[in-house]
Every structure is written in structure tokens, then in C-alpha cells.
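Trainee: Going line by line, the protein sequences match chains H and Y.
Numbers given in this note's numbering equal positions in the first sequence, counted from 1, plus 11.
Numbers given in this note's numbering equal positions in the second sequence, counted from 1, plus 11.
Keep in mind that the hints were calculated from the coordinates and are not lab data.
The model shown is predicted, which means the values in this text are computed figures rather than measured ones.
Each hint can be trusted.
Now the in silico label distances, taken between C-beta atoms and shown as ranges:
{"id": "1", "chain 1": "Y", "residue 1": "230", "chain 2": "H", "residue 2": "157", "range": "33 to 39 Å"}
{"id": "2", "chain 1": "Y", "residue 1": "61", "chain 2": "H", "residue 2": "264", "range": "48 to 54 Å"}
{"id": "3", "chain 1": "Y", "residue 1": "302", "chain 2": "H", "residue 2": "254", "range": "19 to 25 Å"}
Just so you know, even glycine gets a beta-carbon here, dropped at the ideal spot from N, CA and C.
This is what each chain is made of:
Protein chains: 2
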Amino acid sequence: MQVGFIGLGAMGDPMARNLAAAGLLAALWNRSRAKAEPLSAQLGVPIADDPAALARAVDCVLLSLSADEDLLQVIDRMRAGLHADMLVVDTSTVGADTAREASRRLASYGAHFLDAPVSGGVEGARNGSLVMMVGGEPAQFERVRPLLGAVAAHIVHMGPVGNGQITKAVNQIMAAGINQAVTEALAFGEAAGLNMDQAIDVIGGGAAANWFLSNRGRSMLQRDFSPRFKVALHHKDLNICRRMAEALTSTEIRLPIVEMTLIHYRRLIEAGYADEDISALYRQKCALFGE
Amino acid sequence: MQVGFIGLGAMGDPMARNLAAAGLLAALWNRSRAKAEPLSAQLGVPIADDPAALARAVDCVLLSLSADEDLLQVIDRMRAGLHADMLVVDTSTVGADTAREASRRLASYGAHFLDAPVSGGVEGARNGSLVMMVGGEPAQFERVRPLLGAVAAHIVHMGPVGNGQITKAVNQIMAAGINQAVTEALAFGEAAGLNMDQAIDVIGGGAAANWFLSNRGRSMLQRDFSPRFKVALHHKDLNICRRMAEALTSTEIRLPIVEMTLIHYRRLIEAGYADEDISALYRQKCALFGE
Numbered sequence: 012m013q014v015g016f017i018g019l020g021a022m023g024d025p026m027a028r029n030l031a032a033a034g035l036l037a038a039l040w041n042r043s044r045a046k047a048e049p050l051s052a053q054l055g056v057p058i059a060d061d062p063a064a065l066a067r068a069v070d071c072v073l074l075s076l077s078a079d080e081d082l083l084q085v086i087d088r089m090r091a092g093l094h095a096d097m098l099v100v101d102t103s104t105v106g107a108d109t110a111r112e113a114s115r116r117l118a119s120y121g122a123h124f125l126d127a128p129v130s131g132g133v134e135g136a137r138n139g140s141l142v143m144m145v146g147g148e149p150a151q152f153e154r155v156r157p158l159l160g161a162v163a164a165h166i167v168h169m170g171p172v173g174n175g176q177i178t179k180a181v182n183q184i185m186a187a188g189i190n191q192a193v194t195e196a197l198a199f200g201e202a203a204g205l206n207m208d209q210a211i212d213v214i215g216g217g218a219a220a221n222w223f224l225s226n227r228g229r230s231m232l233q234r235d236f237s238p239r240f241k242v243a244l245h246h247k248d249l250n251i252c253r254r255m256a257e258a259l260t261s262t263e264i265r266l267p268i269v270e271m272t273l274i275h276y277r278r279l280i281e282a283g284y285a286d287e288d289i290s291a292l293y294r295q296k297c298a299l300f301g302e
Numbered sequence: 012m013q014v015g016f017i018g019l020g021a022m023g024d025p026m027a028r029n030l031a032a033a034g035l036l037a038a039l040w041n042r043s044r045a046k047a048e049p050l051s052a053q054l055g056v057p058i059a060d061d062p063a064a065l066a067r068a069v070d071c072v073l074l075s076l077s078a079d080e081d082l083l084q085v086i087d088r089m090r091a092g093l094h095a096d097m098l099v100v101d102t103s104t105v106g107a108d109t110a111r112e113a114s115r116r117l118a119s120y121g122a123h124f125l126d127a128p129v130s131g132g133v134e135g136a137r138n139g140s141l142v143m144m145v146g147g148e149p150a151q152f153e154r155v156r157p158l159l160g161a162v163a164a165h166i167v168h169m170g171p172v173g174n175g176q177i178t179k180a181v182n183q184i185m186a187a188g189i190n191q192a193v194t195e196a197l198a199f200g201e202a203a204g205l206n207m208d209q210a211i212d213v214i215g216g217g218a219a220a221n222w223f224l225s226n227r228g229r230s231m232l233q234r235d236f237s238p239r240f241k242v243a244l245h246h247k248d249l250n251i252c253r254r255m256a257e258a259l260t261s262t263e264i265r266l267p268i269v270e271m272t273l274i275h276y277r278r279l280i281e282a283g284y285a286d287e288d289i290s291a292l293y294r295q296k297c298a299l300f301g302e
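Just chain H, with the same shape it has in the complex (with noise of 0.2 Å):
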């Protein structure tokens, strides 16, 4: 199977690059055409003129774009160029409805369409250890899930269409739960002149305990707030998160952990904070203690 990759960010790359390394990569491209040039030379894999040209020339592309409307007009710039039975796999966060609409888009063309958001960050891209959680038709699922073990680690089909970026949004506001929680915890810690990294070890072993706390306690007790998932992005994804939840039910707030995260995190995102990472929440959480 010949594959095309869009979308060359800080996750698109490393996927593509490992892609590659599996002799799997046939083409290219990416909005700004500079940035794909030094990925092209270093990987001898040509770039495509254009989105149809790449479609025209694979079976299936793999996608990874910011915003929700980015899919729908890639999938819009592609049309020219789609073919019967042609797979289009998006990596990318967006919400369940958006991913219906690239689906129905693509299969008056005969083309079918996975949502495939990833977790697992920059790092995970990198070392092939994503998650990947899937939604769309079990056999496309099937012809693809091989292809797809040369990004991702641990890849699992969780029903129709949609139903990956559902799993994705769950998991965004797990996570925005467990920041606050981490955070405000180890803030009221720190303020109370505790020994914060006998505190980790001990929490850590008992029925508080957590990914984050272990994996981004220490740091930002440190101070050091160097992007492993950044502000910006998961203030994107929770607002996927509520209109999700918008759509599900007519009650006022559906969602309070995640709005409270949001003014939270714009609020970080106005003091310049958006390209920090998420545990910069941290900062806010010092700052209710008079730091």
C-alpha cells in the first residue's frame, strides 16, 4: 500500500519520518511548501504539487492539521484527485461531527474515510508509542491497521466513524481534570513547606495516584514548563470537548472541570503562556497562594 502524508507539524513529521523508515511514504505534502522541503531531500520522498495530485497518487493518505475546518478543506483540495476504494486516515483532533463530514464528503467519491486521534505527544510521534483510537467501517479499519502500527503502539478500533475523536475527547477532559487536580494539590503542598519530592513518592503509591503526577510533578515543581503538550492545543481540543457536549444535551453546563479549564487556560494563553506546557497551569495554581 503507497501512502501520502499532509500535514508536516510537530506531530505530522515525526510520523511521516517513521512511515518512511517502514518503506511506506510514496509522497508529500504540507501548506507551506518550505517546510516540507528538507523533510523531501532528507527522505528522498518526492512532494506533490497539490492535494490532488498526492490523493491521485496513493492509496491512502494520512492526515495531520490543526483545526477542524483545515480537514474539511483538505479533503475539498483533494477531490480531483480520489479514487475508488482510497482510504483517508486523520490523525488529527477534531470533533466527532467534523469527522462525519470528511466521511460523507469522501464517499460520494468512493473513498473512505478513519478519525484516528492520537495521545502520546511530540515524544510518542517520535518513538512510534502512540494510542491511536480509531472510528470508522471495521474492514477499512482492518486493510489499514498494519500501515498504521508504524506510528502508533497501541491502536484500537472503537466503533463507527466519530467514535475515535469521542474516545480522544474523553481522554482530553480526563486530562484537563487531572492537571487541575495535580496542580492545585502539589500548589497547596509547596505553599505549605513540605517536602514536595518525598510527597510525590508517597501520593504516588496510594489512591491518588497518577500519569501526570509522576511523569510532570517533578518539573513543575522546577519551574520548568518546556512544551511536551502545549497550552494552546489542549485549549483547542476542550473547546472540541464542549461543543461535543453541546450537542449531546440542552443543559446549561454539561462539562464544569472542562470550563473551568478553559478561562484557566486562556488566562494563560493572554499572559503569553500558550506555547507552554499544560502543567504551566501550575503557575495560577502558586499564584492563589500569594506566589
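Position chain Y against the provided structure of chain H, taking the given hints into account.
Mentor: What follows is chain Y alone, placed relative to chain H:
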């Protein structure tokens, strides 16, 4: 070292049993004598006439009580039996200020105090796998450490008197936020019609992984809220956390997640769910989706 135990509630009863099994328990006392009698008969350990008589008969008293007032009252009722170099170890969750006050009152009799709150619930108390966070003089900690091994598996000295309680507070604040995170995310996923068993597996393998999801996620989806850690107890503990945070700074809201959780728990208590597990917060999150 001869040990006495005061407070034979849900946590105290199994801790006393473990001390007796290790051959360390010399005397018991409980506010309601009737509750102590079956245990006394079963273990062959006498019930002291009052806290003073118990203090007089032993080198070390372990306490397992409910509220801050109870601790100071019991200390006052031990007064006539206190003797130099004896040790009082309090496993209750109370404020750090109350622990320091208890220590001061004992010091005037030459007696020592350790605050030693535990984490791990009734199961942990039963099988001796509790985590214990201890504050007090290092020499006293070393003296009593072997004995504490009969009731807890992981025992950490966190600094001077009060620091055990501060560490416990950090743990309880984090547990509140994680409960919010997991219940909110799972309620969204269930309302969206996801296969939640699969979702828990996938998310439990990524950056949102946490103990509470793995150990309470499936039971809450089945509406099984049988108590492992009761809403009423976490509510009490979070009020202690709030008071401890107020003592640290004059800003208005220091622990926003704790404030939100206190409101949610109060609603659960008013609705008759005080004795359910804290995962009953899931009821409220589902209600936000109109369930």
C-alpha cells in the same frame, strides 16, 4: 513496647487487630464501651476504665478518631495517666494546627506526639497495606517505626509535627480533583454512546492514566457506589484542607477544585448519599447530561 488503642471504628478496629496479631496490644478504650467488648473478648485484650487508665498502663497510645475536637478531648482525658517519654500516635485525619496543639498539650507532661494519618481505606487497614505519613521528632519516629509496621506497609517521615497532616491534605485535594476528572470524562463518554469498557482500557494506557480510573471506573459505570471511601469522610477532609489553606494566605479562593467538590459532595449528602463511595459523584455528572 506496650501499646494501647483508642477509637475502634471502621479503621481503628482492623488496626487494633493487626497490633494484637503482632503481640503488641495491651489495652483498648472506646467512647462507646459496648462496641469495644466483642473485640476485647475476641483478642483477649482488656478494656481500660478511661483514657487516663489506658495511658498509665502503656508506653504508646495509638488513636483512630473522627474529628479535630475528638483528638483534643481524648488527649485531655489521658492527662492523669500521662508519663514521661510516653508516645501518642494519631492516625486520624485532622488539621495540622490541631496536631500541633495536641503535641503542645502532651509536651507539658513530657509525652511525645506523632501525627500519622493513613491512606488506603478499610481494605488497607485490614490487610496492613496502609500508607502512613508521619510528622514529629525523628527520634520518636524511629522509636515507634517497628511497631507501626504492624499496621502500615509504607511509612514515611515527612518532617515536624503537622507535616503528616499536610501530606494527607495534599493527597485528599488531589483525590478530589481526580474524582472530578474521571467522573466528568466517563459521564461524557457514556452519554455519547461509547463502548466504555474499551475506552477505560485505552485511556488507562496513556497520559490520563490514574489509579481511580483503573479501580473505580468500571464500578461507577455499573452504578455500584458501595463505600470504599465515603462521601461524608472526604467532605470532612476537604473542609480540613480548606481551613489549612486559609491559614497559609489571605487570598480569597485558594483551592478552586476543592471548593467545587465541597459543593458537589454537600449536594450528594443532602440527597442521602453520604455513606456511598466518593465515586457517587458520577451521579451528578450524569445528571448534567440529562440522565
